[in-house]
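Line by line, the protein sequences are chains A and B.
Start counting the first sequence at 0; every next residue gets the next number (numbering that gives the first Met the number 0).
Start counting the second sequence at 0; every next residue gets the next number (numbering that gives the first Met the number 0).
Careful: at least some of the hints might be erroneous.
[Claimed, not checked] Computed, partial: chain A to chain B, Cβ under 10 Å:
#, residue
1, 78
2, 104
3, 108
4, 110
5, 111
6, 247
7, 269
8, 310
9, 314
10, 320
11, 332
12, 335
13, 336
14, 339
15, 348
[Unchecked claim] Chain B regions said to be covered by chain A (calculated; three or more residues, Cβ under 8 Å):
#, stretch
16, 12-21
17, 33-46
Hint data in this document are derived by calculation from the structure and do not stem from the laboratory.
Quick caveat: nothing in here was measured; it's all calculated off a predicted structure.
Cβ atoms here follow ideal geometry from the backbone N, Cα and C, with glycine treated the same way.
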Amino acid sequence: MHDIVQQASNFINLDAAQLIYLFFVGFVGGLVSGFIGSGGAFVLTPAMMSLGVPGLVAVASNMCHKFPKALVGSIKRAKYGQVDVKLGVVLGISAEAGVLYGAHIQESIKKSFGDAGSNLYVSVAFVVILAVVGGFVLRDAWKTYKSGNSNEEEKVAKLARWVQSVNIPGTMVYFKSLNARISVLFTIPLGFATGMLAATIAVGGFIGVPAMIYVLGASSLMASASELVIAFVMGLGGSFKYAMHGLVDIRLAMVILGGSLFGIQLGAMGTTYVKPFMIKVVMGVIMVIVLFSRALMVPVYLGQLGLIQPLEAMTVKILKNASFMIMIFALGLGAFIVLRAMWQGRRAEQRAAQEAFEHANG
Amino acid sequence: MSANNQTTKKKPYGAAILMGLVSAVLYSVLLMNQDIANKYSGLGGLYAFLPILTAFLFSIIHGSFTGHFWTLLGVEASKKKKEVK
Numbered sequence: 000m001h002d003i004v005q006q007a008s009n010f011i012n013l014d015a016a017q018l019i020y021l022f023f024v025g026f027v028g029g030l031v032s033g034f035i036g037s038g039g040a041f042v043l044t045p046a047m048m049s050l051g052v053p054g055l056v057a058v059a060s061n062m063c064h065k066f067p068k069a070l071v072g073s074i075k076r077a078k079y080g081q082v083d084v085k086l087g088v089v090l091g092i093s094a095e096a097g098v099l100y101g102a103h104i105q106e107s108i109k110k111s112f113g114d115a116g117s118n119l120y121v122s123v124a125f126v127v128i129l130a131v132v133g134g135f136v137l138r139d140a141w142k143t144y145k146s147g148n149s150n151e152e153e154k155v156a157k158l159a160r161w162v163q164s165v166n167i168p169g170t171m172v173y174f175k176s177l178n179a180r181i182s183v184l185f186t187i188p189l190g191f192a193t194g195m196l197a198a199t200i201a202v203g204g205f206i207g208v209p210a211m212i213y214v215l216g217a218s219s220l221m222a223s224a225s226e227l228v229i230a231f232v233m234g235l236g237g238s239f240k241y242a243m244h245g246l247v248d249i250r251l252a253m254v255i256l257g258g259s260l261f262g263i264q265l266g267a268m269g270t271t272y273v274k275p276f277m278i279k280v281v282m283g284v285i286m287v288i289v290l291f292s293r294a295l296m297v298p299v300y301l302g303q304l305g306l307i308q309p310l311e312a313m314t315v316k317i318l319k320n321a322s323f324m325i326m327i328f329a330l331g332l333g334a335f336i337v338l339r340a341m342w343q344g345r346r347a348e349q350r351a352a353q354e355a356f357e358h359a360n361g
Numbered sequence: 000m001s002a003n004n005q006t007t008k009k010k011p012y013g014a015a016i017l018m019g020l021v022s023a024v025l026y027s028v029l030l031m032n033q034d035i036a037n038k039y040s041g042l043g044g045l046y047a048f049l050p051i052l053t054a055f056l057f058s059i060i061h062g063s064f065t066g067h068f069w070t071l072l073g074v075e076a077s078k079k080k081k082e083v084k
């Protein structure tokens, strides 16, 4: 607790350049989140820490900007008929439990192995999960693109068809986005895993969205939009927990929110212009690039733990900077793909409308 | 936007200006009183409600402004009704 008080009194001074930097990173993070349901947090937390914000305050402040952002994003996407509130809330509640358990594991690892052990755990979780899930999502998006069926409605995955066919009396709930009844015995572990990942790498959506698509059978649009509901439920509970310990720097949270609300509106609108598989493209691309960012840091932490020969200070610095730059690149590339897809979608719609207009008057 | 969308849909100038002004006031108050904000954010306990309520307030006002902002710039959702399962 003493550490916490120490951290809480450590709210940094903010100058204009820092405010603009946070606002901009918030904007890009919001843009990606509005589109794929999550994704900005993995850059925002290190971005705050790069300004000298203590780790725990950065995590808390990030969470306190996440839930209001997710609220605005989910309301926007609900207007387009993309949100399944019930699915989001059901998964969100079990995700909350996952967050608490994930935080508990983090604390235990930190107690036993120190900061380096905790960082190694986070980085390995990043690399393994992003490699497996990100690789799968990207492969699926690529297969859809190559098949030339990108305009067609997404097919429900085999696993999801099986999950939808299982009937466990007393546990079945109907979800409109799936147009099926699913046992909560399937949703609880998925929500829990989403929360655990959120507590570990700050982006639960990297499990939540693919799980909704491939395990439950939701469409990409529904999954990414409903993830915003999960993020709201999880973020609200998490923020309150951190705020009770006085760890939320409300200035940081609100400045990032300032930028991210511009971004999330744009990202949400972007989903109405693109083919659904583009959501998988953006998510897969970000996940696969970010895993390289974290993989670079694994030798640093292994060295700090004495498991390999410790790296030289200069090498550590280079790896740290490269890792951060790759993360920024991943988020920037994700935002670029969203904006480009949105631009192309708008152009195509305008051309079609123009042609229809000319045809009618021709 | 597009030819068939150039109907007489009124742009939300009034709402955008109002929400923009209120949002600017909220941010000004927060950033000009950083010491007070830090003090109460750092207290913890039941004071946890303060940052949470602040976040809700900003999200409603600023979220409404940002929505109107893009509408004024002509950036709107596709008019084509997406088929969502």
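Here is how each hint holds up against the structure:
Using the Cβ-Cβ criterion of 10 Å, the hint placing residue 78/A at the interface with chain B is satisfied: the shortest such distance is roughly 8 Å. Look at residue 104/A: its Cβ only gets to about 23 Å from chain B, farther than 10 Å, so that hint breaks. A cut of 10 Å between beta carbons decides the hint on residue 108/A: the least distance to chain B is about 25 Å, and the hint is violated. With a least beta-carbon distance of about 22 Å to chain B, the hint placing residue 110/A at the interface is violated under the 10 Å criterion.
Because the smallest distance between the Cβ of residue 111/A and any Cβ of chain B comes to about 27 Å, over 10 Å, the interface hint for this residue is violated. The beta carbon of residue 247/A comes within 5 Å of a beta carbon in chain B, closer than 10 Å, and the hint placing it at the interface holds. Because the closest C-beta pair between residue 269/A and chain B is about 9 Å apart, less than 10 Å, the hint holds. Of the supplied interface hints, the one on residue 310/A is violated, with its beta-carbon coming no nearer than about 36 Å to a beta-carbon of chain B, more than 10 Å.
Interface restraint check: residue 314/A against chain B, minimum CB-CB distance 37 Å, threshold 10 Å, status violated. Evaluation of the residue 320/A hint against chain B yields a violated restraint, the C-beta minimum of about 30 Å exceeding 10 Å. Among the interface hints, the one on residue 332/A is violated; its C-beta lies about 21 Å from the nearest C-beta in chain B, farther than the 10 Å criterion. Of the supplied interface hints, the one on residue 335/A is violated, with its beta-carbon coming no nearer than about 17 Å to a beta-carbon of chain B, more than 10 Å.
The interface hint given for residue 336/A is violated, since its Cβ lies 17 Å from the closest Cβ of chain B, which is over the 10 Å cut-off. For residue 339/A, the suggested interface contact is broken, since its CB lies about 15 Å from the closest CB of chain B, more than 10 Å. Look at residue 348/A: its Cβ gets to within about 6 Å of chain B, closer than 10 Å, so that hint holds up. Restraint check on the stretch 12-21 of chain B versus chain A: 0 residues with Cβ-Cβ distances below 8 Å, three needed, restraint violated.
Here's how the stretch 33-46 of chain B fares: 9 of its residues keep a CB closer than 8 Å to some CB of chain A, so the rule of at least three is met and the hint holds.
Checked against the numbered hints above, the structure breaks hints 2, 3, 4, 5, 8, 9, 10, 11, 12, 13, 14, 16 and satisfies the rest.
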